[in-house]
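So the protein lines, in turn, are chains P and D. Numbering-wise (this note's numbering), the first sequence opens with residue 1 and increments by one. Numbering-wise (this note's numbering), the second sequence opens with residue 1 and increments by one.
If you are wondering where the hints come from, they were derived from the structure by calculation, not from laboratory data. Among the hints, a few may not be true.
Some, not all, of what chain D presents toward chain P, calculated at C-beta under 8 angstroms [to be verified]:
no., residue
1, T80
2, F88
3, F94
4, W96
5, P106
6, H137
Within a straight-line C-alpha distance of at most 20 angstroms, the following computed SDA-like cross-link-like pairs (lysine to any residue) qualify [what the hints assert, rightly or not]:
no., chain 1, residue 1, chain 2, residue 2
7, D, K255, D, R220
8, D, K5, D, E69
9, D, K5, D, R82
10, D, K73, P, R154
11, D, K223, D, G47
12, D, K223, D, D29
13, D, K5, D, G191
14, D, K255, D, I224
15, D, K73, P, A157
16, D, K255, D, I225
17, D, K255, D, T222
18, D, K114, P, R166
19, D, K114, P, T165
20, D, K114, P, E162
21, P, K181, P, M252
Here the structure is a predicted model, which means the values were calculated and not measured. Built from N, CA and C at the ideal position, the CB exists for glycine as well.
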Amino acid sequence: MRYVRYYAPAVAVFIGGILLWELAVRALQIQRFLLPPPSDIAAALVTHRELLLQAGATTLIEAVGGFAIGLAGGLAVAFATARFALARGALMPFAIAANAIPIIAFAPIMNAWFGVTSPVSKMMIVAMLVFFPVMINTVRGLTSADAASLELMRSYAASEREILTRVRIPNALPYFFTAIKVGATLSLIGAIVGEYFGGATVALGRIIVESASFLRFAQAWSAIIVAAALGIGFYLIIIGIERAAMPWHASMRGQS
Amino acid sequence: MTEPKPVVAIRDLGKTFGNAGSETVALSDISLTIQPGEFLSLIGPSGCGKSTLLRVIGDLTRPTAGTIEVNGKPAARARTDRDYGMVFQAPVLFDWRTIEANVGLPLEIIDMPKARRAERIADMLALVELSDFARHHPWQLSGGMQQRAAIARALAFEPHLLLMDEPFGALDEMTRERMNTELLRIWEQTGTTIVFVTHSIPEAVFLSSRIVVMSARPGRITKIIDVDLPRPRSDATRESDRYFELITDVRESLKLGHGPRTDEVEESVMEPIP
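With the hints as extra help, turn the sequences into a complete structure.
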């Protein structure tokens, strides 16, 4: 009952928005190829369901594969730099600068390096997008444990490893999850934009580009809907993991 | 009869911060011996180095002159032997651990077997009367309860020495008085030697067997006052004539230290959190 009351306004807005869209397209006689009504998009989703499913799978593999590579790389570098102040001083400015540049601009170059039709080229774009936020936030989390906590551990004559596992890593978790929530969203953006510049024919980005160039906008929209669903699904999975991993965190309180 | 071995022996100790040219003398000419079972308070104005002295005893900072022995060995050795427990002004409990897991943290570090650890945690929580809150997280507890958990954690090793750095400074006066009574009960029950840093004259008088009065810039010992109030102490103690005499005594000694800013030591209890 509490859930119903909590989510009812959002559901109402969603349904209302779809209805308004449908009615606006009909009432204002907007040309269907410019903005197809939701009913057309739904029809396209049903008609092309097999193609969309296959394309969604291709794009998802690229996104998740690249996410995994970026995550592993980001964590590895973060742990190495967090341990050594010298490495941190040398690397962090570049990482922060790299995080500020539009990495997606490298997509055509990655396509050239790793093969336009290969999923690896898309994974590499995604990996680069995910790497920097994960690395920077994890380093911040690992190095921001408060002085009193470290002093407490010192009074126990705790080893560096014990300080890492018992103070620094738990302290870094909120930073880490902030980064991978961003990374989850970025990974689908990276995969789809990578596909815009060429790739396997049955991929969401290809379907969007090709349908749009042939003015089959309902089909383009149906692929966008699938991409949106994948993005939201990925994000929700990460939120689920976050809740399981740190039920103690302030942002989780009062939810259980 | 041999003299009991002192828990802390400090001789001609000094501590200077900073580099040559811009030095701050935090401690100068400190000599002090603390006997087993004592409850010793360090009191003085801000900047008198009382916290620094406590941190030197705990080997959280090193002296620049003189010698210090804890349990008959160098302070650094005493730390690695886990001879003392420390309680800070903030409870420093980890949000990701339950209260029992927080209390058990030092025991995990010394690799105490799980069964014995659970037993010890239960004992410590009973000692500070937090048994019903073992599974709670720190943020679900009041400030006073959090500090009690921190005391339980500091006592988990069963150390001979408990170092407390203004542990009740952030609590309201009523909670603080209750915590003082509790601390005396724990001290009597465990027989631990306590070194207690405070800003508050009434707190020092109520708790201590000896009060070390310090003056600022440079931090040195002005006077050591024996507190001969009978034990066990209770609310009645706080109303006795001797209690007020001793408060006056400590206050006069603080003025005697002619630290220009004795006004920084308050006589009542409320204290700004730095």
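Evaluated hints:
1. T80: With a minimum Cβ separation of about 4 angstroms from chain P (threshold 8 angstroms), the hint on T80 of chain D holds.
2. F88: holds, 6 angstroms
3. F94: With Cβ-Cβ at 7 angstroms, under 8 angstroms, it holds.
4. W96: holds, 5 angstroms
5. P106: Hint holds; P106 of chain D Cβ to chain P Cβ min 5 angstroms, cut 8 angstroms.
6. H137: Hint holds; H137 of chain D Cβ to chain P Cβ min 6 angstroms, cut 8 angstroms.
7. D:K255 to D:R220: holds, 14 angstroms
8. D:K5 to D:E69: With a Cα-Cα distance of about 11 angstroms, the restraint between K5 of chain D and E69 of chain D holds, given a limit of 20 angstroms.
9. D:K5 to D:R82: Holds, because 18 angstroms separates the two Cα atoms, which is no more than 20 angstroms.
10. D:K73 to P:R154: holds, 18 angstroms
11. D:K223 to D:G47: The hint holds at about 17 angstroms.
12. D:K223 to D:D29: holds, 13 angstroms
13. D:K5 to D:G191: Measuring from Cα to Cα gives roughly 15 angstroms; hence the hint holds.
14. D:K255 to D:I224: holds, 14 angstroms
15. D:K73 to P:A157: holds, 16 angstroms
16. D:K255 to D:I225: Satisfied, since the Cα-Cα distance of roughly 14 angstroms is no more than 20 angstroms.
17. D:K255 to D:T222: Status holds; Cα separation ~10 angstroms.
18. D:K114 to P:R166: holds, 17 angstroms
19. D:K114 to P:T165: Holds, at about 18 angstroms.
20. D:K114 to P:E162: holds, 17 angstroms
21. P:K181 to P:M252: holds, 15 angstroms
Consistency note: the structure conflicts with none of the earlier hints.
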